[in-house]
Amino acid sequence: MTLALAVDIGLTLLVLAVACWTLAVRDTFTSVIGFVAYGLLLALIWVRLAAPDVALTEAAMGSGLTGLLLLGAAARLQNAKNISAPPGLALRWVAGVLCALVSAGLAAMVLLLPDPAPTLAPAVVAHLPATGLGNPVTGVLLAYRAIDTLLEAVVLLPALLGVWSLAADRDWGGAPRLRYHRPDGALTLLAQVLPPFGIIVGIYLCWNGADQPGGAFQGGAVLAAMWALILTAGLAEAPPVSRRWLRWLLVAGSAVFLVIGLAGIGFADAFLAYPAGYAKPLILTIELVLTLSIAVALGLLIAGPPTRTPS
Amino acid sequence: MSIALGLFTIFAVVAGAFFFLAGTVGLLRFPDPLTRLHALTKADNLGLGLVVIGLLPQVAWPLGAIKLIAIWLIVLFAATTVSQLMARAARDGGPPV
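Protein chains in written order, with my numbering: chain A, 71 to 381; chain B, 10 to 106.
Here chain A stands alone, though its shape is the one from the complex (with noise of 0.2 Å):
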């Protein structure tokens, strides 16, 4: 117990040591490289936590898909050094000092607790087996708490929205570019012995949620993630933004997700209530139809705007 003990607080300072290093240097892209070892040291934390489910999303998400989105803007800010003059002294300060009090507030929240912490984990547990399915995290996810992750899937279309805002007039219409811009045998290679592998571990992923960690975001990042490998490689073409199957590919699990709830109303008198008996089955077509979305949405994200003049 006591290593186990030692373990965690090493852990624990590792990653504020990391967190502190990430905003204290000054380069772009060394910053960023230390927020995706943040990331997976707090992927480690949540492990230690007995919370798979949130490290796997940590990982794949917060660490690995938002790593490779920022890294893509320090290279896009690396041609744009000299636009703007870099923040005043005062409102450095004024984010620093909103920063320490928004953290103050989560560390007072979590602090003032009362022992116990109220919790509605028992009546999770309690209700699961009405769902049919093996893994709370999904239950509360899919079920109790659907409309959270309906907002959480449709908010993914805005943001593609505002990436694909950043192209310039010309360009609207067009299609993203990715390739690395040396081409490379290894990386080749890569890309055409991975994507197999990735694709069975992103629908793994997804299959998996009902019953153990794993789910639609999780899957659909490492199927994303595939799709970005091929893209950089240059062995497949990014297409047109224009084009309506891909807009059609980007909203279906919203839409889905809007429809199914919506039945809910005729069917289980509430918004994205379940009909009894058909809650697993419901849910599952949700997650694999969200699953397609986000892959899109997510592999569309990592591509960037639109820079290829349409044909």
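Do not take every clue at face value.
Listed below are several chain A residues computed to face chain B (Cβ distance under 10 Å; list not exhaustive) [what the hints assert, rightly or not]:
(1) R252
(2) G255
(3) L257
(4) L259
(5) L260
(6) A261
(7) V263
(8) F267
(9) P310
From chain A, some residues computed to sit far from chain B (all C-beta separations above 12 Å) [said to hold, decoys possible]:
(10) C169
(11) G232
(12) L299
Treat the hints as calculated values from the structure; they're not laboratory data.
For each residue, glycine too, the CB sits at the ideal point set by N, CA and C.
Got chain A; can you put chain B on it based on the hints?
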């Protein structure tokens, strides 16, 4: 038998940890990118490989063992490719854009 397997696990994992340590020392001490990559590959190949071999007797046969070996092979493959890319970028000069 289980004591022998336990000793095997301890020996292999400690040996793997030693290669991680050696790789890290090399990463910190070696003078240029190519030799630092060389040090890192020792941690990836031998370090992770020994840890995986050491853990094999402790996991459920066959699915757990296959997953562990798959993780090792995928990490090997990804690390090899990344090393190639970084070495080429270092040779051609300047950080990759």
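Which hint numbers doesn't this structure obey?
9, 12
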